[in-house]
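Protein sequences, first through last, are from chains A and B.
Just so you know, the first sequence maps onto residues 2 to 244 in the working numbering.
Just so you know, the second sequence maps onto residues 86 to 155 in the working numbering.
Note that these hints are calculated values from the structure, not bench results.
Examples of chain B residues toward chain A, derived with CB under 7 Å: (1) N119; (2) K144; (3) V148; (4) M151.
Think of the CB as a built atom: it goes at the ideal place given N, C-alpha and C, for glycine as much as any other residue.
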Amino acid sequence: MEPLTLYESIEMRAVTGPAIRPGGLTLTERALDLCSIPDGAKVLDVGCGVGATVEFLCQERHYAAFGVDTSSLLLKEGMESSPTLPLLQGTAESLPFHEGSFSALFCECVLSLLPDPASALKEFARVIHPEGWVILSDVYARTPGEASILPHLPVRCCIKGAVGMGQIIAWVVESGLTVVTWEDHSTLLKQLAAQLIFSFGSLDAFWASTCSDGDPGAIGAAVRRARPGYYLLIARRRERDHG
Amino acid sequence: MKSPHARPDDLEWKCGRCNHELVLGQVSVEYLGNRFTTELAKCPNCGLILVSEELALGKMAEVEQMLEDK
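Turn these sequences into a full structure, and let the hints guide you.
Quick look at the structure:
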């Protein structure tokens, strides 16, 4: 049996709550303020976990929201607490939906966990309407020159996949999307780090709890050099490429 | 591997104002515009919070340094 990922762990979810990411639903709401998504539109959350965003989009904003995740553990938990939520098992790189199915797609603190983010973004562009919205929020490396070591760290969390802003935007553009908004929300990541220090005793103790081997102090130092930040990116499909 | 929020010694203190024994409770901490919650020893009557030397020089110092990093 595979060990639990950080986002599946009870300790991490005790800190974040059901929306397992910095800021919880803060950036979901921020994105909805910035995008003009029609009332009742079909919306997809890729990497939905227990379905916190899907539940919010359905019940608070009255969208027809669906969720997809690879984690059977989180999906089972979500469907047990809210049996009517439309949550499906699937991967971001091969979504079980027809082309142009959704007015908007959320992918919150998930792209950095994917083995092939460029392919996933092409899949996101495929399943949204012409001029549909793709909303990403995730960790990134504010010193990208120090990020090359991150994928090799012996931890099971999103920080491994943090890359620079330029790389993220390049992937988005290559997928046939146009970036309309990039906002830095690194304060939310710092607030989560502060909560982790209070919960675990120190960031080194937190890294020790997530790493399979290696020196937690060295892991923390490598992460600090890359200066992790947190972003919100909103993109739209370029119709001429997908018409 | 969770860190205890307060030492057993912290709960042996009494509030200087109310003379109530301290209890563990949720408190909200704000620094440089960042707000987070944690569980610390506090007076159940007036809400006075005990910040031990260990807490101030440990977790709080690390949070302060992390929040001040650019």
